[in-house]
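*Asks:* Chains R, Y, D and L, in that order, are what the protein sequence lines are.
Counting with our numbering, you get residues 985 to 1238 for the letters of the first sequence.
Counting with our numbering, you get residues 1315 to 1704 for the letters of the second sequence.
Counting with our numbering, you get residues 1401 to 1687 for the letters of the third sequence.
Counting with our numbering, you get residues 12 to 346 for the letters of the fourth sequence.
Source of the hints: derived by calculation from the structure; they are not laboratory data.
One thing to keep in mind: the hints can contain errors.
[To be verified] Keeping only pairs whose Cα atoms sit at most 30 Å apart, straight-line, the calculated DSSO-like set for lysine-lysine is:
#: 1; chain 1: L; residue 1: Lys233; chain 2: R; residue 2: Lys1094
#: 2; chain 1: Y; residue 1: Lys1463; chain 2: Y; residue 2: Lys1690
#: 3; chain 1: R; residue 1: Lys1151; chain 2: L; residue 2: Lys233
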Amino acid sequence: MSAIFEVERLKKSFGGLDVTKDVSLSMAKGDRIALIGPNGAGKTTFVNLVTGHLQPNSGRVLMDGEDISKFNPMRRVKAGLVRSFQVTRLFSEMTPEEHVALAILQREGKSGRLAGNFHAMPQVMREMGSILETLNLGTLATVPVGEIAYGQQRLLEIALAMALRPKVLLLDEPAAGVPHSDTFLIENALAQLPDDLAVLMIEHDMDLVFRFAKRVVVLAAGEIIFDGSPRAVTDDARVREAYLGSYAHASSAA
Amino acid sequence: MKKLILAAAAAILLSGAAYADVIKIGVVGPFSGPFAIQGKNFKAGIDAYIATHGNKVGNDTIEVLYRDVPQADPAQSKALAQELVVKEGVQYLAGFYFTPDAMAVTPLLQQANVPLVVMNAATSAIVTKSPYVVRTSFTTWQTSAPMAKIARERGVEKAITVVSDYGPGVDAENAFKTTFEKEGGKVVESIRMPLSTNDFSPIMQRVRNSGAQAVFAFLPSGPTTLGFVKAYNENGLKEAGVQFLAPGDLTQESDLPALGDAALGILTTFHYAIAHDSPENRAFVEAARKAIGNPAELSFPSVGAYDGMHVIYKMIEATGGKQDAKKAVDAVKGLAWESPRGPVSIDPETRHITQNIYLREVAKGSDGAYYNKEIKTFEKQPDPGLAAAK
Amino acid sequence: MQVFFSIGVDALAYGMVLFIISIGLSVTMGLMRVVNLAHGAFAMIGGYIASYAARDLGLPYGFAIILAVIGTIIIAIPLERFLYRRIYGAPELTQVLMTIGITFCVIGLANYVFGPTLKTIPLPAELQGPVNLGFRTIAAHKLFAIGCGVVVALGLWFLIERTSFGVKLRASVDNTAMAASLGVRTRIVYAASFALAVGLAAFGGVIGAELLPVEPYYALRYMVTFLVVVSVGGAGSIPGALIACLLLGAIDTTGRYLVPEYGEFFFYLAVIAIVWVFPRGLLGRAK
Amino acid sequence: MSATEISAPFEQAKPMRRPWQRDLAGVLIIGVAAVAGYFLFPDNLALLTRIIAIMLLVLSLDLVTGYCGVATLGHAALFGAGAYAAGIAAVTFGITEPLSMVAIGAIAGAVAGLVSGVVILRGHGLAQLVLSIAVIHLFHEAANKASTYTGGSDGLSGIAPDPVFGLFAFDLWGRTAYVFGIGLLILVFVLLRILVRSPFGTLCRGIRQDPIRVSAMGASVKASLIKMYVISGAVAGVGGALNAVSTQVVGLDSLSFTNSAEALVMLVLGGAGSLYGALVGTIVFMWFEHVVSAANPFHWLTIVGALLIAVVLFAPKGLYGTAVTLMKRFIGSRQ
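Let's have the full structure, built from the sequences with the hints guiding it.
*Replies:* The structure is reproduced here in structure tokens:
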């Protein structure tokens, strides 16, 4: 299967510090990849580079073979590259219903309409209803987001991503901040993602990683040091060293 | 219902005539905000007139209503004037410190059957906007043009003008320039500076570099004049012998204590000085100082208001208290009287006041107070501004 | 060349006066995160007190300055306690509403108490009259203002960057809850920095009175200018405010010398240009 | 989208109906208040018309400040542009038909909105505020300089609009102007309610709450804001034109910082972000100011200042916002 998403030799440095050193990655349709790595490995920087929020020093990002390196973040979203945020970014005074409807309208290029209302758009209502139902948010559809629990806000993040119907989805720690007992909710939600969607998930929760990912990529100090099956990752010497080494380093620094 | 209101409104307008014995005068001016002191002077002038002449004309009692327009705001001014006429039933409109505020009201006068007595606003053209406008203050042309003659008399060949960049400033510049060049002088440079200028040093540097023997300046009365006069002194223009000339707005009496020694020797031409020596003026100043409370706050708008009241009283006498704007205005055309500022008359053609313009010098009295000392009189000056506009 | 120096001196003096008056606002806006539109009102109160002390009571100039600073702080204490404390951390627009309300009240009261005339603060003989710099003369009080500006800038920098109060202030602002849990009495720190800001306003109001004369409308008349220089500099940054004042002072002065007719355009176009290049102010911290 | 489609029944109709009912109620209240104003204060119609014009300015400000979160102290630029365009059209070009003047005002306001939007949106936070201040001063100064057209500081006078529809002349009592103004206000208000409930309205509310999330959805924050600025400009321009038509004069004050700041004060006083707050804030502020300044023309400013402080202390969400909260609490406690 041909790659739908490719990152070629991405480099980024701040001042003299190389935070991303020559990273290449390729994803195919339906991939479920977990990107892991110790703190400060440059995972979020990687997401920001790929989504266009940061400009790399060199390297390319391709979607479906098309070079999108010069696109701004908005155009990348339109090209099908969507991300979620590590810390929930939602509109606290708006309802889940409005969130999802807005995402659908935006996808269909109707978010600039000056009249009408999504309640009067049957297809939008139907799709919104089904997304919210899928993620068990139906009962909260009309409650302002500021008043709902954090775990459900995380679900709404995923709902938004789904509503945008991406080709490639980058999930930045979808379970971050969610109590361990509720992680299954997120996991169920992830299981509902379309089969042909390529998903790259950054995550610390290794249980989740092992259940979700078909492939694991380990980033340490701005470099990919491992790319392979979940089973092989724990045995890899470089991975062990990177994690343990970083802890040792962290404790000496603290 | 509509008819009812019309009838009621008409009744209000007409009733002033025969039955009511209260005649209302609506005064619009800046009573708060940055120009509050000028509005206060309106009130002081009006109160002084009422205190010295009584609040009755014939059998009719005079009542004055005040409305506040803190800064030039023609729309607000018009709305208030409209309300004064329609709701309060005023027979006379008066006051108006700013030209645009007065201009805005002129279209109302005919329909409202109300004369407008301008007590300050100094742009020549106001009187042309409606036949019901009478002005008892001055125009910037009227007070500025004589200064050009003074300059020539004192041997100034080259002058520079520095004015605030707004209507009255431009008027002052034109008045001075036109007259000065007609008299054979040369205006080497004309600087217009934004109203919001705080630091005048750079301007003074320019004045200095221009090589002019005199600087003619116009700034609105108030805080900026202080900085301007100080900058003139501190940049050594006074020492260099560059003569400071201005219309009297710049050295209004209420600003003099703040200007202090820095203002000594400045020559201004104006229609009124509180120090004017006449029995009429002494009586006026005494009454007006009492009215304003703090004597240091008294300034020129008070005399415009005082004479404005005189004109209105004459109008009421002439109409017998009936509301008849045309008759009222006709009655004061050519009216002459002895004002605190000296002999004045209303020009029957322009309905603007003809008056003496005085050359004054800022001086320090024996009591240590600063005053505008009158040193020369230009008698019976009409407004040259209207002719110039044609 | 002489013109260049001449304008430079004027620009420096004007910029320094702006700096002294506005730096207090930079403290309230940048460090305390309060959009304090009543800053000009405090400067004006300082001016009135100094004028009353020096002119009506005949006290010496230096004494009048101290009295103005202390008096203004005393007046500000109840305001801080009952009004400002309610708007710490409130939305900016709420702060705007409250502080404009305070400004209106102060203007109204000043008009009532002192009347609408200009009030001057008589200078001591040493500060009166021009000083010869060789290529031109300059007013002695302007040199004094420049000196005061330098002292204020250094003093503030030292206070905020080098003292324990500065540490506590910065900590309280960055994270009030954290600072409180570390034993910083944040209320007192806020009150103290508010007093500092108000004191600076009063000081500036007195020093700057030669350029910006004291009258009731002072509180609003110059507020825009203060707001502009603080924001261009980047609120909360002392060097930023200093650079902005000097830069804008220079632009304003040069503009008014070269093209007085378009002075206003010159100034505000420059403001737009600077903010265009530095959208968060010259030395503003990114949020 | 046609009206029938909007009101067509749909699945989750029940909870959704209420906003529409509220809008209808809102329009009804404006209508009733307008009629009441006409008969209760027949002598204050000039003031009421001025209030309507300023309401349009404050509504327009609410669009960018309340809905999009843009802080501006320069919004009068849009209002003044509309006023001057309508005035100049009448005085210089002889276009004195009132509706055409309003249309010209709206277009000029929209253009001014585009220009100031492009400049103001460059900054963030305080820098944004300062850009808006710079913009209003530049507009003001430009109008002062262009005195051939604008009359400079003397004001633009001599605007003589034709009778509305050729039938109703503008009269001394201000009746025509008032009815004309109410008509415009209701029209604009209905359009704005539709706008804020539209997908674009929702998008803008989203931008105010989290612009980064909006751009992560693939929408351009800047383009959306500029679009809103243009719409806002048209609304403010209508207000300016109404002011020019009804007072028949335009002064530099309409383009002033003071005017901008007052509009912001009125908006915050009423409560930003609901349109209703804008209306409430304008009426309360201007009426209060009118009453106290007539009662004491010399010291009213203190009382207005006290009102603003009191509102912050006792109604921190603005008059309308706080009233809604109280109402909700009241209803909640009864259930």
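*Asks:* Against this structure, judge whether each hint is valid.
*Replies:* Each hint, compared with the structure:
1. Lys233(L) with Lys1094(R): 17 Å, holds
2. Lys1463(Y) with Lys1690(Y): It holds: about 12 Å lies between the C-alpha atoms, which stays within 30 Å.
3. Lys1151(R) with Lys233(L): At roughly 25 Å apart (the allowed maximum being 30 Å), Lys233(L) and Lys1151(R) satisfy the hint.
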